Amino acid sequence: MPKQRVMVVGGGLAGLAATMRFAEMGIPVDLMSLTPVKRSHSVCAQGGINSVNDQTRQLGDSEWKHFDDTVYGGDFLQHQPPVHEMALWAPRIIDLMDRLGVPFNRTPEGYRDQRRFGGTLYKRTAFSGATTGQQLLYALDEQVRRWEAEGLVTKYEFWDFLGPILDDNGICRGCVGQNLTDMEIRSFPADAVVLATGGCGLIYGRSTMSMACNGSAVSRAFQHGALYGNGEFVQVHPTAVPGADKLRLMSESARGEGGRVWVPRKPQDPRDPREIPEAERYFFLEERYPAYGNLVPRDIATREIFNVCIYEGLSVEKERPCVYLDLTHLPRTTLDLKLGGILEIYEKFQGVDPRDVPMKIFPAVHYTMGGLWADYERTSEGRLDIGSPKNQATNIPGLFAIGECDYQYHGANRLGANSLLSCIFSGLIVAPGIENLLKSSSHGASDDQPSSLWNAAQEKYQQEHDALLNRSGGGENPYLIHQELGETMTKAATVVRHNRDLSAALEKVRELQERTSRCSLSDTGNWTNQNVVFTKALQDMFPLAKTILEGALARDECRGAHFKPDFTMPGIEAEDPAERRREAEKWCDRFAENTKKWLKSTVAECGTDSEPKLRYEDVDTSLIPPRPRLYGLVGAEVIEEVWKERVAAGSQATSSRPNGEKAEATKHSPSTVG
Amino acid sequence: MISPAKQSIPDVFDVRILRQDGPGEKSYWERHRVTHQPDMNVISVLQQIAARAETEEGKKVSPVAWDCNCLEEVCGACTMLVNGRTRQACSALVDNLLQEQPDGIELRPMSKFPVVRDLVVQRDRLFRALKKVKAWVSVDGYFDRGPGPQQSPADQQTAYPLSQCMSCGCCLEACPQYTKIEVTRREGESEADFKKREAAAFDRGFIGAHAISQAILFNIHPTGKMNAGERLDALTSEGGLQICGNAQNCVAVCPKSIPLTTSIARAGRATTLHSLKKFFDR
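Which chain is which? The protein sequence lines are W and C, in order.
FYI, in the numbering used here the residues of the first sequence are 14 to 687.
FYI, in the numbering used here the residues of the second sequence are 2 to 283.
So here's chain W without its partners, still in its complex pose:
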């Protein structure tokens, strides 16, 4: 028996799902995490997890519709076979989590209850109170603890992933980690390394993400040659509560229950909001979108709140952008019954009762759709070949990416309650592929490789660590540079993006990176030195920050979360039917042209100078052809009419072609990246 083992880095939903599957297969796992895995960021997810279910099915829902909603919501920027497979697995994944003991809310008869979420017409979302992410994570944490007790899982908690170990052929043979307590640096031989390290919200300073979501592990893989996909796609949630340390999410349901968003008409009106008369309040969403009011789609709400504060100077406070989210006109009983959970968070952290005083909210960076480029094995039916070692594989052989840190599932924008699903799904499917990879070799990495490989890697990081500790001070402060980085990124690369701002931000980020090389450490010891760990993470934020900015700068279009005012496609204002028709034809021409030009994933490669080089990859849209995303657009009806006619005409043309051509329409491998 070869001594084979797998290293999983990150213990959120994806990492734990993978770990428990490996253990079930009898494959020993080392599980490395910055925090005890039970404290991973997945606990912050509130809403729920999507799947078609027995009830929605009888109302006309299907796995295909879940798949369609996901790719439409993502503006068609994701390869479709993995998303298709995920929608197919979703009901079974929720059944499994149910068996593992997740206390899902129940109907009076005892079935799992579901609620409705954004981007769908069906009640697809299973939930466990307002802490679904926490409950799902705990169920997986418990299973992994069970395998730990049986000796198949060894946890390395409070360890930092420093980088993959690549042999002379560029194959990943393990990784180097650092113990955050005694600062020991150690090589871990592994036959496969799976990164499940989540998003990189900390690049934006404050976000809705946890402190562990600094992107350092992904950046370290990127700097070793792993490709990074769709970096510019970062989801900004419209309503979060600004805090000095973090931006805390305030669920969309507050507006769903009648909450109104407004600012005083007089900039920074010093009066108590309750004393500002109705006529002097600017309900900007209601005025600008009379049909949708406060319930405009998420990206529009985010953009408008941002505009009002940043460009129109109407923020409630001068030093800090925010608008009022007002629930005070609603009956207290309704509030307690339907919004109790989120109101308690506001009350606890703001010290103010939102039933009496309007909440102050602002959009916040929430989720990274982009991430490490990952492969998949497509079947001829447009599904995944489960068991293929290509699934979730990065371009570095032996290195895999799952969960929020891969770029696979959400395209240009993620639908609510789909993230928990993609994390568990990618974790479950990476394991059988790696099992087959291990079977193809009769040796284990630890006895297959010369010990010099492990020693050299360990030595390299030890030297870097020592050099950082002993660096004679240049006077720069890593915490203050991080603040500046966050401000720069938030200003240039969140809701509204302009090329001139993105270019300026790139310059600024390069300057900050240069200044970081002159950081003085205030702690030069080798015991629980959080100062040096933070400084290392900061250094590794720059390659990803530049990837986000370069990707956004290059992409001259609007798609999902990526919005450039200079490249919008305005709706149709004309009233004369013939003119409307003409404009719609033009609109569709432009859409088709833009699709041809920009329906491509950005793929970044990190240069030796840590500057990203961009390429573009075709997207496999062979299952559902791209169509215009028209939600909320003026004149959507006539555009849709014209588009449908074109599709009908087009499918007549393709049906006369020989069979099978459609399925081979798109290839997927890094070599096709043009």
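Treat the hints with care, since some could be wrong.
To be verified - Short, incomplete list of chain C residues facing chain W, as computed with Cβ under 7 angstroms: (1) I10; (2) V13; (3) A52; (4) T56; (5) P115; (6) V117; (7) G147; (8) S153; (9) P154; (10) T159; (11) A160.
Because the hints were derived from the structure by calculation, they are not lab data.
In this text, all values refer to a predicted model and were calculated from it rather than measured experimentally.
Ideal placement from N, C-alpha and C gives every residue a C-beta, glycine not left out.
Given chain W, work out where chain C should sit, using these hints.
Relative to the frame of chain W, chain C by itself:
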């Protein structure tokens, strides 16, 4: 609830921190001056102290070490003693603290766990207890076998609060029967041997309210209850339920308001029945 009047909050305030450079080292107090900002919590206080790394007297010091992650009181990482009270630093709001105690804020590490450094403590014992009571559902495997058992909303509403336990350790800090166990590595002892010896020491100590409550959570689950006997055996072994002195501090300090004493009472009845049954089944 009345929001604190802004004029009563000073521009700067003092923070006294009980520091310790490492395990076995002597602890010492250090005083820092912090500039007040809107919406400050103890985490942002610690962030400011880390960025400045200078005491009130202007002495350069290493940044204070602390543990945190989610910053919204759902991960359990940042538990410490804030003005003597065990709680999460993230939900400890500065304006409220200064309202209660205007002369400043006092931070100390939890006293029932070995200090790693400053405000960071080692809580392995807490997770070890979850292993001891087998806090999981022993499913056959992870292949598709359909949904879990149907459950009434009432049962879900009993289980859900127990399942919100974030392993923060507040209940253990407040418990008079839970005393600190600190095992130090011997000269020449391998890491594996040390971990084994440490685990054995933890197993002899009181498991604590959180683990008792988790045992109950899995014993009321329709599938989990198939292994109820094993969990009750764990609860009656050394360091088990019998140590509980019924001080009821645990339930008073739980940040998630988990009915810990209800779980303890349930466990008491269940273990008694279990012991009787075992006696007569002999």
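For this structure, which hints from the list above don't hold up? 1, 2, 4, 5 and 10
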